[in-house]
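S.K.: Once you have looked at the hints, place chain B on chain A.
As they're listed, the protein sequences go chains A and B. Each number in my numbering corresponds to the 1-based position in the first sequence with 1243 added. Each number in my numbering corresponds to the 1-based position in the second sequence with 2 added.
In case anyone wonders, no lab produced these hints; they're calculated from the structure. Ideal Cβ placement from N, Cα and C applies to all residues, glycine included.
So the derived list for chain A, only partly shown, Cβ under 8 Å to chain B, looks like this: (1) Asn1322; (2) Ser1328; (3) Arg1332; (4) Val1336; (5) Gly1339; (6) Ala1343; (7) Asn1344; (8) Leu1347; (9) Gln1365; (10) Lys1565; (11) Pro1581; (12) Ala1585; (13) Leu1586.
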Amino acid sequence: MTYLAKPKLHHPSLARNQAGYIRRDYEGKISTLCAGCGHDSISASLIQACWELDIQPHRVAKLSGIGCSSKTPDYFLGNSHGFNSVHGRMPSVLTGANLANRDLLYLGISGDGDSASIGIGQFIHCIRRGVNMVYIVENNGVYGLTKGQFSATATKGSKSKRGVLNPDEPVDLVGMALLLRATFVARAFSGDKKQLVPLIKAAIQHPGPSFIDVISPCVAFNNHEGSTKSYDYVRQHNAAVNRLDFIEDREEITADYAPGDVISIAQHDGSLLRLRKVAHDYDPTDRIRAMNYVQEHAAAGEIVTGLLYVSPEAADLHQYIKTVDTPLNQLGTRDLCPGSAALEKINATLR
Amino acid sequence: MKQITAINDFVVKFANVNGSGSASANELFARSILRMGVPVSPRNIFPSNIQGLPTWYEVRVNEKGYQGRRGGVDLMVAMNPQTWDNDLKEIESGGYLFYDNSKPLPPSKFRSDVTPIGMPLTEICSTTYSDPRQRQLFKNIIYVGALSALLELDPQEIEKLFSEQYKGKEALLQSNVKALHLGRDYALKNLPCPLGIRLQRANNVGDRIFTDGNSAAALGAVYGGASVCAWYPITPSSSLAEAFMAYCKKLRVDADSGKNKYAIIQGEDELASIGIAIGAGWNGARSFTATSGPGISLMSEFIGLAYFAEIPVVLIDVQRGGPSTGMPTRTQQSDLLACAYASHGDTKHVLLFPEDPTECFELTAQAFDLAERLQTPVFVMTDLDIGMNTRLCRPFAWDDSKEYDRGKVMTYERLEAGADFGRYLDVDGDGIPFRTYPGTHPTKGGYFTRGTTKNRYAQYSEAGPDYVDNMQRLMRKFETAKSLVPRPLLYPAEKPARFGAIFYGSTSPAMQEALDTLAEKGIHVNALRVRGFPFADELNDFVRSHPWVFVIEQNRDAQLKTLLVNDGKINPSRLISLLHYDGTPITARFIVDQISQHAGARTVVPLKIAS
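Just chain A, with the same shape it has in the complex (with noise of 0.2 Å):
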């Protein structure tokens, strides 16, 4: 961590956005983790992408459950409002906020120890029920705060910093996020920023749940050989099957790129997602076969990485449960409370 506060004179020139800030206006505390940690690269990528995406920083939850990771949102969006909630338990607590207004972006911030282990059952279950939001997991296959213990995520047979090797088979997330029919899955790596900020951009306009699990090495405790989830390791085993260019309906395709060589994909809100194929035989609208290639990839020793799965027919929890347009926590006595002549029905109805 750093104790050297950035100056808060902003130079005139920093450019603006369409919402009228400056990329300095989408920070937050100064991080309190380990210099170099994967987990401060992916702040950052959410601050690149909420920047680019002229959103109102004000108008986005951050919320996160407990451990490193979720200690992040303090470091990120400091004009939003954020929720350190209990540990393995940001999906309900977000699940709760977004029914009560549906207006606000919702950024889900956990990690491994959160969403694998204790949480797991809660990562599950927001994503069955097609919450809207963005599920980040800071993926580092150890539990930081508590010194280097593995983690569920960690592979089996690789060696902690004390040289002990890890006995238990890992839990995917991506593979279960695929099962579970999240619409739109992506793996990142942190130390790829330019596959990373497309993707958490491409989530946030997503309509529907996003999952994206960011292997995000942590230099403390598990950066070392024999580490699955090391900067050298991750770089060397990375395949990823597509680039995303995120593209918005109101800007023109640029022809950068060799016909048969990307792939457009039109999202329920109009937008479109346009992908740069690096796998030439994945297709990221097939979730059956996104589910077999990541397995077979995994299978044999690489990471897959990219927008494995998107469906371009998404819908979230309000659609499903009816909701009215108006965020409830804005409903007032006159909306909720149906007052005394129907209750004077009611009586008469048990008597």
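M.R.: Same frame as chain A, now just chain B:
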């Protein structure tokens, strides 16, 4: 043998097998008595099971309107051979036994001091109906028909209820009416009608309504403005969330769009349910969960978060017998301490104690105002006896001029005007800070909510003074709660009384009856019904003004007394606990018996001195 004779004052108990369709027939019996203007209080006694195990339905008929469980049975309708022996034992001497005599039973199965009334129900059904399901269902209606003759229950009232229930379903209506008269005609011809216990038209029901506490609390949540409900099925609270769903469908669908002004989520467990409710409360919607003791145990971590991060949320605890899985289908008041101090660390929570369905409605609605005013979890402490039994009670009422109290919410305008916003800053001494809803203002009013310690401006701080400052403010806030929770209600004795009695919740009907009975015996007791925690100061005054105060509870460990001593700073030497905790609802007989014994031991009879 002297037979029991009584008009409008007796207990009928139905012994059935669950899943046999008896419940609706038995409720029909109870409702038709009400329609004759005679108060009844029915109670379901059921197992944690769906089909095949014993179940009972006990109806107390009482013209005076006493609705507590009386104890003892005057007429047993013994429809379950499995439980015959015990059912027989329960009948009061001089009572009656109505049974199916299709198969002969040996004399050892009867009691010489109980009048047997046999009717070949199975035989009648077998000759009348060919479909086995019909034989079973109509058997229940046939015995209601027979009882109408035996007890002089007006069959027209039953027919009226049928016609209300089967509106537009003519075939069903006719077949039920037919079964009713089949039973009634047989009884009139072959049985000793009427019995010594019987009904007589009265006018003691008035405008009261007949409903259960779970439905009433659900309706209270609708009227109290709850828009988010998250729950997980658990006996005896499941019917509360289900009733909320049903009432919302009727009362909360936007007429223009057809969309819902509510969201109900069945969580994957209690942890998710309270998490969802807290998330919604944090974001400015009124939210609640309904559960029972085991759910409270599971939710405790989250309850601590809501206490410390100061998030409004309402929990309705329909208490059952504990500990652990305990007695899932029996009643107790045994979650008081678990709720009052839920979660680790120093916590205290606001509790409300409704006495009946009407108060379930009122206090649940009020709980949402309290939760938002105090920015903290508020517990409505009902129980199975109130929640799952229909009770005759005051009609629901609502004041249309009432606006919800949304508490201290900092608005865009106030932030813009330069208000000093500290999320945990006590601006006026009541311990309650201002909060902002997420998304209020682009640059002001944002804050980070956390379960960790913080300073007045919601910044993470482990500094001792910051921590202590915050904890003391939370104490001040709890002090403020004292003046906001419902006050205790005094039931003064008609004559000067040396004894006091403190009671709460579902003990109420048994207590009111006990007080009358005790007064008739010359034992005068001033009673105080506690309705909220933290306790009002007048509770202390009440105890101080009596040498002895009975504290009547339905748990083993005297949990309210513990709270009175620990938090109300009440002198324990004056308190005498009367505890009933076998899972059945407390009775007036129990209270009278216990208080009489204590009063006897504490009454000094002057020695007669020979002159």
